[in-house]
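Enquirer: Oh and the first sequence: position 21 is 23 in the numbering used here, straight run, nothing missing.
Hints in this document: simulated from the structure, not taken from any laboratory.
Errors might be hidden in some of the hints.
Unchecked claim - Subject to a maximum C-alpha distance of 30 angstroms in a straight line, what follows is the list of computed DSSO-like cross-link-like pairs (lysine-lysine): (1) Lys48 to Lys119; (2) Lys58 to Lys119; (3) Lys48 to Lys58; (4) Lys122 to Lys31; (5) Lys48 to Lys122; (6) Lys119 to Lys31.
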Amino acid sequence: MTRLPQAFFARDAAIVAHDLIGCALVHRKRVGIIVECEAYEGPTDKASHARFGPTKRTSVMFGPGGVSYVYLCYGIHEMYNIDTGADGDGQAVLIRAVAHPDDDDGSDPAWGRGPGKVTKALGLDRRHDRRDLARGALYVAAHATPPAVNVGPRIGVAYAGDDAARPLRFWWRDHPAVSRGPVAGRTVPTRRRR
DNA sequence: GCCTGGATTATC
DNA sequence: ATAATCCAGGCA
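My request is simple: use the sequences and hints to build the entire structure.
Expert: As structure tokens, then:
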């Protein structure tokens with residue numbers, strides 16, 4: 003497994019989110035295969051934390067891509083994101099589900115469902131906020147042949163008005179570890195990874 | 001400073 | 001359907 007370079011993350015959030023499906027998220031000895039994620043765009047995206055512009059918490063989203071963004075949601079769950087795009091554009095991708103590399107049917111309950119479980123499975127928390135994925139024990143690696151990927155609306159963003167319906171959620175089609183299913187969406191053409 | 005409301009999940 | 005549990009961000 004080879005670490006993906008900063009350039010991989012320096013692209014648009016929706017592109018990176020699509021390409022991330024099937025990649026491995028690695029933290030020390032733990033490996034999760036990314037099966038579901040969502041793109042959050044800059045200040046114009048009313049679902050994004052970037053909608054208020056750069057703040058103490060979200061300024062990392064406005065930096066160059068390839069850096070972790072970890073935050074606490076509902077006072078209970080830590081959410082793992084990766085900052086994407088060019089310096090200044092305020093994007094990120096939320097990792098919503100990972101699968102155990104050796105658990106082909108996705109039935110391992112310890113790996114569970116939903117974005118709150120991703121951090122638990124990989125041993126991540128807010129200490130990993132702003133961690134540079136280009137070096138160190140936390141990184142993303144290409145893993146296997148890019149799978150068939152579906153797209154659909156993001157989850158839990160009903161407050162975002164018209165942005166709630168935009169197709170910015172990506173998942174490995176028919177993968178059992180996807181957080182909510184069965185899932186409706188359309189299949190996007192497999193793109194060659196950079 | 002105070003107040004509101006979550007990019008959720010497990011359980012009733 | 002609702003509790004759990006905390007803090008960011010807006011507004012005064």
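Enquirer: Hint by hint, note whether the structure agrees.
Expert: Evaluated hints:
1. Simply put, Lys48 and Lys119 have alpha-carbon atoms about 25 angstroms apart, close enough for the 30 angstroms limit, and the pair holds.
2. Only pairs whose Cα atoms come within 30 angstroms are accepted, and Lys58 paired with Lys119 is accepted, the gap being roughly 25 angstroms.
3. Distance check on the hinted pair: Lys48 and Lys58 sit about 19 angstroms apart at the alpha-carbon level, within 30 angstroms; holds.
4. The hinted pair formed by Lys122 and Lys31 meets the criterion: a straight-line CA distance of about 14 angstroms does not exceed 30 angstroms.
5. Restraint check for Lys48 and Lys122: satisfied, since their Cα atoms lie roughly 28 angstroms apart, inside the 30 angstroms limit.
6. Using a Cα cut-off of 30 angstroms, the hinted pair Lys119 and Lys31 holds, with the two alpha carbons roughly 17 angstroms apart.
The structure agrees with every numbered hint stated previously.
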